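There are 4 protein chains.
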Amino acid sequence: MTDSPAEPWEWTEPTWRRHVHRVRAGRGLLPRQWPGGARCAVAVSFDSDHETPALRDGETRPGKLAQGEYGARVAVPKILDILRQHAVPASFYMPAVCALLRPWEARAYVEAGHEVGIHGWIHERNALLPEATERELQLRSADTLEQVTGVRPVGIRTPSWDFSDNTLSITREMGLLYDSSLMADDDPYELLEDGEPTGVVEIPVEWIRDDAPYFMMERYASLRPYTPPREVLEIWRAEFDAAYAEGGLFQLTLHPHIIGHRSRLVILRELLAHIATHPDVWCATHQQIAEYGLAHAEPPPPATGASR
Amino acid sequence: MTDSPAEPWEWTEPTWRRHVHRVRAGRGLLPRQWPGGARCAVAVSFDSDHETPALRDGETRPGKLAQGEYGARVAVPKILDILRQHAVPASFYMPAVCALLRPWEARAYVEAGHEVGIHGWIHERNALLPEATERELQLRSADTLEQVTGVRPVGIRTPSWDFSDNTLSITREMGLLYDSSLMADDDPYELLEDGEPTGVVEIPVEWIRDDAPYFMMERYASLRPYTPPREVLEIWRAEFDAAYAEGGLFQLTLHPHIIGHRSRLVILRELLAHIATHPDVWCATHQQIAEYGLAHAEPPPPATGASR
Amino acid sequence: MTDSPAEPWEWTEPTWRRHVHRVRAGRGLLPRQWPGGARCAVAVSFDSDHETPALRDGETRPGKLAQGEYGARVAVPKILDILRQHAVPASFYMPAVCALLRPWEARAYVEAGHEVGIHGWIHERNALLPEATERELQLRSADTLEQVTGVRPVGIRTPSWDFSDNTLSITREMGLLYDSSLMADDDPYELLEDGEPTGVVEIPVEWIRDDAPYFMMERYASLRPYTPPREVLEIWRAEFDAAYAEGGLFQLTLHPHIIGHRSRLVILRELLAHIATHPDVWCATHQQIAEYGLAHAEPPPPATGASR
Amino acid sequence: MTDSPAEPWEWTEPTWRRHVHRVRAGRGLLPRQWPGGARCAVAVSFDSDHETPALRDGETRPGKLAQGEYGARVAVPKILDILRQHAVPASFYMPAVCALLRPWEARAYVEAGHEVGIHGWIHERNALLPEATERELQLRSADTLEQVTGVRPVGIRTPSWDFSDNTLSITREMGLLYDSSLMADDDPYELLEDGEPTGVVEIPVEWIRDDAPYFMMERYASLRPYTPPREVLEIWRAEFDAAYAEGGLFQLTLHPHIIGHRSRLVILRELLAHIATHPDVWCATHQQIAEYGLAHAEPPPPATGASR
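These protein sequence lines are chains H, U, A and E, in that order.
For the first sequence, position 207 (counting from the first letter as 1) is numbered 207 according to my numbering, and the numbering increases by one without interruption.
For the second sequence, position 149 (counting from the first letter as 1) is numbered 149 according to my numbering, and the numbering increases by one without interruption.
For the third sequence, position 271 (counting from the first letter as 1) is numbered 271 according to my numbering, and the numbering increases by one without interruption.
For the fourth sequence, position 165 (counting from the first letter as 1) is numbered 165 according to my numbering, and the numbering increases by one without interruption.
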């Protein structure tokens, strides 16, 4: 990943500056208020990966694949029910292979009023791919989702949030509205490429607001679901409460095959119920948040590098 | 584990479809109600592995083996007492080597009314074995259990839930009633092999409802018993409560040498006491669940691939 | 660690039987009651390893060594105070190198009425050593402790509980009363070597009742102190409560450089205070437990292999 | 890291003694009381690493760098607010590359009355560097911080607390007042080099009082934020409470990009509020603690090696 044989402590100043400035946070895109005068926005998302993270690793054991199958078979219908009950529109990021395996699932998302976004071909890791391969897969993924659902996706979440040095330029080429894979802020911002504003909105994510770090189980690695679900609920509640107090965005990333188990859906229901007790909250898709943020943000400050 | 030199993102559509469809969940086998009008079934199981996971890895240090010996020496008698006090029949999956080391233990399970099922020869990992070796060990294991206990096993739980591409066809050859190693649902279902119904019932398991992920200790790896037992009890209680509310199956996998310690048996007792406060619960062996599910399930829906 | 090129699932029956029977639990050594009519015995121990686990790995960075130094400099004086306040005699297992680095510490243990036992030369891992090296180091360690403290140790705890195939025969050669490194029971038992009673008492340990699994921190591995101390206290309290209810032994293994921090000594104090609220508890050194168990145990049952 | 081909258990006594005595804790530097008659001192610090731990590893993926960027963009302004509200002066350790990337940030620390200390060039690991490289980087880092902030740093915290065999001699050459990277005590002490007092103060740190062990997330390793923040608060509160009871020092190490998230700043606020309820507490920079400790400590005891 280095561009020279030198050790990092031997890098010249232009080298480390270039790395740091390759993709960077620009002006904040938090509007004064959200639609309807809401003081806080909530963006719930699901990465409907199912079997693809296993396939991506060449892992084809039936046991591992069945774990992913659970997401499609059991979790998705329950999740759609919960979202309907709480009238929460969500964004579903779906690898194209998943959309081809179960086109009815992709269409069900759209029919229920949710967004479907790009999430790679087979959950490939972009940072390991040549640029041409990454571009071809990202384009093919968008085409596939459009063919299956009838709606052209406008946003991308890179699989495993593995954003390569080329992801942003491919995303710009494709004319996408937003990315949702980076972590430089809690609130939406504009992406800079080599220091230049791109017009691409970032809807930032965080491991803290992701179910996988707490609950993932990898039999032959050391990942275990060590954190109790009710403690995870406390964490997400604290994230929302602070977003509400600040008047910001609360963004959440879940996976049907992880959160969709009986003992874990409990906390999704409780979290949505907690949010519902607050007035002035706008629950929206990532697309809606990006569009609104871009349209209503303050004009950009003079470029100092010290944004915000 | 891949069948071609190509990277997974280069696989042709028939390749990834074949992998995903090798072993898959078919029609659900949840009856309208369980025997006696029960609304919820409870299937408790123990993998009586004792020393065999260590031996399987060629690990013969006395310290490691003593950890397994604890299961047979201290934990099993206490577990049998607890099950008797709560009148809960359970399923014990026992590697054949364990049944040969302590035939009295295998017989004690049967005499107390519990089921004994196949769990490999020496807890070998099926996915690492040639098909012929896997078949020979699985057959020999069934024969050994029958010779020791006088009862022919009708179900299998693969050691480490390591279900190979060949496990299902071997299981069909042997005419077994059920498998209990996969995770595509919470409730029983019929297994499909290459898309075809097999008549083999799956009693699904989950790491969530297993004691090992939370409590396992591997000195020279990074596994530690980080989750407090009382938090694990909360998780299992939430799993049962949701199964009860849905009218489904609550299945649990425990290991004598893991759950059988003083501070952990506390939560097994509390869990069974919690379950006992609910009317209309049928506690049964995996065999009973499989037989009843198969006999009373709804007729299969037309084959669309989108079961349920 | 295998004695043949065969894979474990190819081992002959004599092979796996020989491994399992190399060192095994024999008759239980739990007396009907403990001295003074006590119904429960408590054996608290400390492995005073300080810098030696780091040195054993050739790890000589000042940062790592300072972590061990904390044990001797800060933790030991506080621990001795706590034990004095609760009038609890304890067993300290000390690598010989530690006794040479700080002879005054080893003598302070003895002067306060505690036991000092063998814990290797420099916390070496026995299972990696040739038999002759293991023997020489174990003998030299005993001689060193005797020279420093004036008392010949009668028990051994193998460093890292790494008990080799030769440890028991060396321990017998040395005429030791007991070992405290194995885990086949909660209560004391007699060790069998190749099926034969040895007269050597085992005071069993468990990772559950050890501070290291919950609290150890290895910067360049994945070990972190993830479990909150107050949850660890709950676990140990549950272990004691069950030992008290059963009329058994509660044994605990702590490390000054781990438990001896301000936020962790809180739970040691609370645990000892909890124990102190129970009548009929005998707090004793491992040596005292071993001697009393050996002298007052029931006569051995006929040798069936199915002990207890 | 060994200085001979021998295995550690074959080392001669001079070898292991030399390693242990290379850098060691000398006389304690805890004054009878702190300024204003305070009975307890509180030293809060932040390692403002931002992107540098990633860069140090040659890790230049935009996703990883954005995680660090969050520290500078979002966390630092909030942290400065919190410190101002509680009137707590703190010490910020900043890699020189960070000070060059955002000079306004380094100056903001100084303008708000906080200390800025040395924290390497690009968060390099000292123990992996030749002595000349370590020296050159440490000197260049001090010069850079002085150029940026106008204040010459008087203390060092080694990146990753990775203190090499040469760090102390370089620190002495530079005439620094103190180091804050070692763990042999809770309270300040004087460092010994090869047994000789150096006049360099150690303000000791501990993983227990660091946010990284509990919260760090490494996608492709096994580090996860498994410990709930409110449990971490309990641990830090217990550390402070015991320091207060003993009349000692409570030192804390935080990272803007780790602690600075919404759900985690909650516990920093609660901790500072908890501390504020105690009279007789002196909140000070590490520099102030070191100066006061050095000036007011008891005279050194006769050199016995058995300090305290």
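If you are wondering where the hints come from, they were derived from the structure by calculation, not from laboratory data.
Keep in mind the model is a prediction, meaning the values are calculated, not measured.
A portion of the hints provided could be inaccurate.
[What the hints assert, rightly or not] Cβ-to-Cβ under 8 Å is the rule here; a few derived chain E residues that face chain H: (1) Glu51; (2) Arg56; (3) Thr149; (4) Val151; (5) Arg230; (6) Glu234; (7) Tyr292.
[Said to hold, decoys possible] Here are the simulated distance ranges between beta carbons: (8) E:Glu131 x H:Arg269: 56 to 62 Å; (9) A:Pro279 x E:Arg18: 32 to 38 Å; (10) A:Glu7 x H:Asp81: 44 to 50 Å; (11) H:Asp81 x A:Pro279: 53 to 59 Å; (12) H:Arg237 x A:Ala87: 45 to 51 Å; (13) H:Arg219 x A:Glu131: 41 to 47 Å.
We put the CB at the ideal spot given by N, CA and C, even for glycine.
Comparing the hints with the structure gives:
{"no.": "1", "hint": "Glu51", "verdict": "holds (6 Å)"}
{"no.": "2", "hint": "Arg56", "verdict": "holds (5 Å)"}
{"no.": "3", "hint": "Thr149", "verdict": "violated (16 Å)"}
{"no.": "4", "hint": "Val151", "verdict": "violated (21 Å)"}
{"no.": "5", "hint": "Arg230", "verdict": "holds (7 Å)"}
{"no.": "6", "hint": "Glu234", "verdict": "violated (12 Å)"}
{"no.": "7", "hint": "Tyr292", "verdict": "violated (34 Å)"}
{"no.": "8", "hint": "E:Glu131 x H:Arg269: 56 to 62 Å", "verdict": "holds (59 Å)"}
{"no.": "9", "hint": "A:Pro279 x E:Arg18: 32 to 38 Å", "verdict": "violated (53 Å)"}
{"no.": "10", "hint": "A:Glu7 x H:Asp81: 44 to 50 Å", "verdict": "holds (49 Å)"}
{"no.": "11", "hint": "H:Asp81 x A:Pro279: 53 to 59 Å", "verdict": "holds (56 Å)"}
{"no.": "12", "hint": "H:Arg237 x A:Ala87: 45 to 51 Å", "verdict": "holds (46 Å)"}
{"no.": "13", "hint": "H:Arg219 x A:Glu131: 41 to 47 Å", "verdict": "violated (36 Å)"}
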